[in-house]
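Starting from the two chains in their separate frames, assemble the complex, guided by the hints.
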Amino acid sequence: MAITLNINGRDYEIDADPQMPLLWAIRDKAGLTGTKFGCGIAQCGVCTVIVDGNAVRSCNVPAATAVGKAVRTIEGVSENNDHPVQLAWQELTVPQCGYCQSGQIMSAVALLEKTADPSDNEIDSAMAGNICRCGTYPRIRAAIHRAAELSKA
Amino acid sequence: MNTMNFSRRNFLKVSASAAGGLMLGFHLPQAAEAGAHGAGVEINAWLTIDPNNIVSIVTPQTEMGQGAFTAVPMMIAEELDIPWENVRHVFADANRHVNNNNLYTTTSTGGSTTVSRRHPYMMQAGASARERLRVAAATKWGVPVDQVTAKQGVLTAGSNSGTYGEFAADAVNVTLAEEPKIKAYKDWWLLGKEDVKRLDIPLKTNGTATYPIDVTVPGMVHAAVQACPVPEGKLVSFDFEAIKAMPGVIAAVELKQVKDVPAFTDLRSAVAVVAEEWYQAKNALAVMPIVWDLGRGASISSESQNAEALQLLAGPGTLVLNQDGNIGKNLDKGVNHDAVPGIIAASSKVVQGEVYHRPFETHATMMPPCAVADVKADRADIWTFTQDIARSLNEVADQLGRDTQNVFLHQTYLGGGFGGGYNMDVHRQAAAISAEIGRPVKVIRSREEDIAQDSQRPPVWGTYKAALGDDGLPVALVTHFVGEEKMPAFSQRGVANMPYLVPNRRHEYSAVQNHIPIGYHRAPGANHTGFIVEQMVDELAQAGGWDPLEWRLKMTEGNEPWQRILTAMKEKSGWRTDMGSGEGMGCAVVESHGTIAGCVATVSVSRRGQIYIDKLDYYINSGYVISPLTAREQAESSAIWELSHTIFGGLVVRDGRIVNTNFDSYPMARMPDTPPEIEVHLENSENQWWGGLGEPTGPPTPPAVANAIFYATGKRIRVTPLSKVAL
Numbered sequence: 021m022a023i024t025l026n027i028n029g030r031d032y033e034i035d036a037d038p039q040m041p042l043l044w045a046i047r048d049k050a051g052l053t054g055t056k057f058g059c060g061i062a063q064c065g066v067c068t069v070i071v072d073g074n075a076v077r078s079c080n081v082p083a084a085t086a087v088g089k090a091v092r093t094i095e096g097v098s099e100n101n102d103h104p105v106q107l108a109w110q111e112l113t114v115p116q117c118g119y120c121q122s123g124q125i126m127s128a129v130a131l132l133e134k135t136a137d138p139s140d141n142e143i144d145s146a147m148a149g150n151i152c153r154c155g156t157y158p159r160i161r162a163a164i165h166r167a168a169e170l171s172k173a
Numbered sequence: 007m008n009t010m011n012f013s014r015r016n017f018l019k020v021s022a023s024a025a026g027g028l029m030l031g032f033h034l035p036q037a038a039e040a041g042a043h044g045a046g047v048e049i050n051a052w053l054t055i056d057p058n059n060i061v062s063i064v065t066p067q068t069e070m071g072q073g074a075f076t077a078v079p080m081m082i083a084e085e086l087d088i089p090w091e092n093v094r095h096v097f098a099d100a101n102r103h104v105n106n107n108n109l110y111t112t113t114s115t116g117g118s119t120t121v122s123r124r125h126p127y128m129m130q131a132g133a134s135a136r137e138r139l140r141v142a143a144a145t146k147w148g149v150p151v152d153q154v155t156a157k158q159g160v161l162t163a164g165s166n167s168g169t170y171g172e173f174a175a176d177a178v179n180v181t182l183a184e185e186p187k188i189k190a191y192k193d194w195w196l197l198g199k200e201d202v203k204r205l206d207i208p209l210k211t212n213g214t215a216t217y218p219i220d221v222t223v224p225g226m227v228h229a230a231v232q233a234c235p236v237p238e239g240k241l242v243s244f245d246f247e248a249i250k251a252m253p254g255v256i257a258a259v260e261l262k263q264v265k266d267v268p269a270f271t272d273l274r275s276a277v278a279v280v281a282e283e284w285y286q287a288k289n290a291l292a293v294m295p296i297v298w299d300l301g302r303g304a305s306i307s308s309e310s311q312n313a314e315a316l317q318l319l320a321g322p323g324t325l326v327l328n329q330d331g332n333i334g335k336n337l338d339k340g341v342n343h344d345a346v347p348g349i350i351a352a353s354s355k356v357v358q359g360e361v362y363h364r365p366f367e368t369h370a371t372m373m374p375p376c377a378v379a380d381v382k383a384d385r386a387d388i389w390t391f392t393q394d395i396a397r398s399l400n401e402v403a404d405q406l407g408r409d410t411q412n413v414f415l416h417q418t419y420l421g422g423g424f425g426g427g428y429n430m431d432v433h434r435q436a437a438a439i440s441a442e443i444g445r446p447v448k449v450i451r452s453r454e455e456d457i458a459q460d461s462q463r464p465p466v467w468g469t470y471k472a473a474l475g476d477d478g479l480p481v482a483l484v485t486h487f488v489g490e491e492k493m494p495a496f497s498q499r500g501v502a503n504m505p506y507l508v509p510n511r512r513h514e515y516s517a518v519q520n521h522i523p524i525g526y527h528r529a530p531g532a533n534h535t536g537f538i539v540e541q542m543v544d545e546l547a548q549a550g551g552w553d554p555l556e557w558r559l560k561m562t563e564g565n566e567p568w569q570r571i572l573t574a575m576k577e578k579s580g581w582r583t584d585m586g587s588g589e590g591m592g593c594a595v596v597e598s599h600g601t602i603a604g605c606v607a608t609v610s611v612s613r614r615g616q617i618y619i620d621k622l623d624y625y626i627n628s629g630y631v632i633s634p635l636t637a638r639e640q641a642e643s644s645a646i647w648e649l650s651h652t653i654f655g656g657l658v659v660r661d662g663r664i665v666n667t668n669f670d671s672y673p674m675a676r677m678p679d680t681p682p683e684i685e686v687h688l689e690n691s692e693n694q695w696w697g698g699l700g701e702p703t704g705p706p707t708p709p710a711v712a713n714a715i716f717y718a719t720g721k722r723i724r725v726t727p728l729s730k731v732a733l
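Taken in order, these protein sequences are the chains called Y and U.
Residue numbering for the first sequence follows the numbering used here, beginning at 21 and increasing consecutively.
Residue numbering for the second sequence follows the numbering used here, beginning at 7 and increasing consecutively.
Everything labelled a hint here was simulated from the structure, so no lab data went into it.
Some clues are possibly wrong.
[Said to hold, decoys possible] Sample of chain Y residues at the chain U side, in silico, Cβ under 10 Å:
(1) Tyr32
(2) Gly54
(3) Thr113
(4) Gly118
(5) Tyr119
(6) Thr135
(7) Ser139
(8) Asp140
(9) Asp144
(10) Ala146
(11) Met147
(12) Ala148
(13) Gly149
(14) Tyr157
(15) Pro158
(16) Ile160
[To be verified] To be clear about the criterion: a stretch of chain Y counts as covered by chain U if any three or more of its residues have a C-beta under 8 Å from a C-beta of chain U, and this derived list gives those stretches:
(17) 37-43
(18) 60-73
(19) 92-98
(20) 121-134
[As the list claims (entries may be wrong)] Listing some non-contacts, in silico: residues in chain Y with all C-beta distances to chain U over 12 Å:
(21) Asp31
(22) Val87
(23) Gln106
(24) Glu169
(25) Lys172
Being a predicted model, the structure only gives us computed values, none of them experimental.
Beta carbons: idealized from backbone N, C-alpha and C, even for Gly.
Isolated chain U, as found in the complex (with noise of 0.2 Å):
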């Protein structure tokens, strides 16, 4: 949900206290936080404040490594004028929300969206409670509020001079008669600052920090779950006579869907077995017999779908049209697609771009997809993996039957999220088990069935054709891309608003089906698309006797935010396309959630083929930044989230499940893979727009690193990971 839909009504007091979202005796070092929260004045239900002057901020957004939790209070403490260290964090109340006809507007955490486009009500929720202060202040005093100042947690006029905390219980009766503005960048004192320490740090160096995993409930028992290894197929028996001998077994039950239709956002046909402890419950699980109905997936493999992809590309796709544009230019505009065709037709420089491909990805987050349910006959509380405590408050409401006023959602840490905290079911599951059994219960998916069971990224493939003019740079352009059809948008989005001038230009797309679930995976989109298209410039630089960079600067002039970036990666990577036999440098710009993001990559290659990222340099424009430190940890941790999948991802599919079962069969980017050097510089366009920050450095990493090994070994890159080419 992108509007800006805030009332008035968001920013008044709605109830006395988070009822239900603290909960009684259950061990959560959160609750001393919520303690302070309930000890004083709610201004807002964004902010309260203690006699003491610490405001506790609410931040209705999931913190999942990115910065949520100290983001957003930033935003509310810039506009409320108190010093950091008054600051404290505490979970938002789902169940207040959800009762609450959405009280924070959205609970929904992704698409690098919780700065770039939810800050006006947030920031306009720490300007309304000081303006209320203010209005207090001026009322208990005597004196015209245009004389009080809110500076740094103090309120002032004249000789007078209280603490927000004095006047907070004023303040919450004081009704404005118009809403404040709120502060413009050049007013800015804590947003863009370099220093401002993240919240969550000293609780994730310790141990304490809590995620779904770590909670536990008087009575709780374990249940490891086993989805049907081919999606969408179905559970036809299983036999807990044979297990339920074993060492702390207690039962078995069966998950069924709640609809009947193959939603990822519901149950998937599974059992789980219940045990008192999980890894008595997962090693029965693991001999139970069990007899499945494998259904329409189970001959459809990877091989099966690169087949039926290639096919497609050599046939016409449908034409997509370039609907958002870029930053900067919509070049859809007066070009005759139609057209295209012929103009390369009648060339006599055509380029004919091979097929590339990238495989299907899993989030494969460190915390496996774990929820703990104590389902009773009066309420329902859950802790669980989620990117949206709203939408997972409602789906257990679903699964159960029950009213969402009775159903209370614990916000915790996350152990990562990059997209899969979406489209995930383990709530409902634990939340069946516990109303089957009548007990609380914790579920944790092993890694095996993690993988099994995710929401993956889909595959894509592409090519194209262009025809070059007498300089070398292209006049028509083709494109074909093949994406997946449960989510057409991921293989369109980023090749029809690409940046670069070609006059005549045309993009088609066609889709495989299959069984697999798939979800938003970090960058959804831009990762597939920043691939091929930023190996299909290089291809067309160079048969044009072009220096890619130097295309890319050509092919966007007059586009400010492009040239910006361009330029700085021509100054300040050292960038040069004539290194010794055996190194090269290559470049990618992708831009994806509002945010240009480029990459120069330096790459050597072995004799033997063994390839060493030397460096990788990044240059980000993403209009306004109010975390310098958050932006430029998001950048590195984009970049090796996606350096790992050039290197070693790829699900491979087989009889309808897929292969790659854990970190042994699909591994990852470990500290000796790690650069040297990784440089991230943030290249603003003068705070014009607000772009989002956790994904954009994504993108442009494997398509630099493949030019890079193209410079260095003349061999091209069109599929990944690199740990399955020889060199």
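So that you can see chain Y by itself, here it is in the shape it has in the complex (with noise of 0.2 Å):
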């Protein structure tokens, strides 16, 4: 079965069957490897993507539910790595291990396209389904903090 999927603001012809979850789709189909698989069970967020405008765990959603949507991925949140996100997080050295930050950072940038100064406890609500084991959730709360700063400038 094909469809057409639009990543980034392009379109992605993906032969995929029914039950391809959209992560697969959009790592080995697409070749977007940024979004990671952690769990399989939307439970850790390393898989997570905007759609819509909203932050989805794309591991146990079929990519045919993203037919006809806007799928935003880490590739696609600035050409340079240069969104105010990205620089926060650069500045405030927040990847270790790095491997759930393409998670992280889309969450943080669907909170930020919501609420554009968010609070210590809307981002601990918006950022509770990313995982992190290395432990930087200190800065990324403070780098969520630093984008929204970055954000107005």
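Printed below as a string of structure tokens:
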């Protein structure tokens, strides 16, 4: 079955059976490997992408459900690694192993697009679906505040 | 391997290029960096300088978040004296290392040793290159070497001047009469500075850092693997016919142990389903009928292990001696261990401890174990989850029965390590499957199989008995710890070398046996013994009428590194034991990896028993610190690692299987569980020794939190996780 997915503003013709999760369509069919696999049951958030403005765990939704929608992945956040969230992440040295960070960044981007200046509680709630085994949470929290500042400037 | 067995040979050019390390058409963004490595002149195996004065530095250790890909280049750049902006990182060539007499000494990455143990020869590599550049310039300019300065990438003598890049080709041919000495701390210009940027950060904010799971090889297929759910059990049969018509399914492959021993570095009995896409392989494997012989482990459970441990604790254990000592003192000199029980029996003030316990934990790195193997007739290429690229290369050669010359293991970034990258057999699985089906294959463990197949952190139990003197301080102490027989040191070291000056002491040990593979798990051992010892101390202080922080100060009198930490905790944490009901502060100090780390935890507990960790304050004495930024990052990381196991962790064993399967049944700390404040204080003893920094703040975290909960509620937490304790 061929479907068309719009990822980062570009159409991809993808040959996917109906069971294929969106994650594997993005990674193995579109070749965008910045989005990661972590648990397969939408518990850890490393596969987070933005679909029509909402943070979505791509590992357990079928690719077919994203047809006709705008999918954004880490590769589509900025051309030059300079989105305010990316700049804040770099400035505060957020990543350690880095594996969960694409998902963290996508959750943060989705949050800031809805809530320009989130409180700690709003950050806790929006980021609760993203696990970081390296424990970069304090830096993520600070970097989201910093990204909000950078976005205003 | 801790020996510093480096010779001049290591610093000479070994071969013209990194043969085989940098592959043809594979999709690896790092190939761009690797290209830079090839374009320049290799001064020694550690570094290459290009005509634009860009220095590419090799890191044989693995980058798993701890900062090795920055720390190693920093140590070499310090000696070479090159601006940090000119430094690039390149991956190490495992094949070259293995086949050239361990060219980089070791590629092992663990025990917080990359800086603490490896700095002498890494700094030497930079110093050696710098000296040869100076000799090359002196020769060309016809001036004595001592008139040539090498600073910030520029060689200068009088009116002569040139970049390192201009002299790199000449430097290769220089033979030094003797190797230069490495710099003293007072001469550092780069190490120890706050503002040195990590080299791997930009790649990790735009998704371009490559992990094994991201590697694609033309013609590659995918495999999902299931091991016997009871470790040590064996595959009896499987029914491929039942699944072979499912979408994408190609083959099923039995994975057999290479050797007839249940070694966790060997392949475990397992079966793989190969399909075009990974989710197809996983779905087919989930429904394929498989028959297992479960083996001896099927009758073991958490309850049976607990009962066995309690029985062992009721009897005597074997005597454990303090063999390595702690920082400052070796306390076993002159102690009559046999006299201790008698002293306690004769005492009028005896404190009998209850039993403490911590369960199995698993690594659950965010990247599940994954490997890509492309096994051809004349060569094998591997990308894998490993904390030791040479060991894994050797394991693949062993698996395939090939000469190591023809095995190429390509270093990548790792999605976490925490000790899980040792005792790892995912590359053996990938190599065996690729050899069997004759195609390149990517093996990804589902999260369920990651937890089932992991080498787990073993459980521990412990208790104690002490006699107090008239001043309330202990005069005699017996401890008894129960660990796991495969790694006894985990439950011995941290208790036998405790720094507290109890005049009569005796430490005993017993072991339970089980079938579950165990392995290193961030701060192994210290995270066991620290939890128990540092709560025992609080119980003894309370029984003797002492403030727990004052007790620790008194009991480590004269031990400067410990006094430094304890004094800082007392002066800077706002320490108090008279907080209101439902609030408490607790402290704990644990030495591990040559570093002393103290934690002061502040908690509040609601009337309904909800625990809030308001603040975690850390005080760290590691002697030297080369990167304060990474030191702080690792302190935060280790703290949250153990906080996670304190609140949520704990594997449960039933019928020989691990019951927890994924993040729903093995939950961990998330953003809302992160304390509002974590402060890290680096309190170093005037650069007297090199301690490790990747792990030490973990061990004091659970006991400090538990001690704080005690002061808030009067209830003592003797078992983790807290999520299963009613307050």
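(message) Let me make sure I understand: some of the numbered hints might not hold for this structure. Which ones are they, in numerical order?
(response) 1, 6, 7, 23
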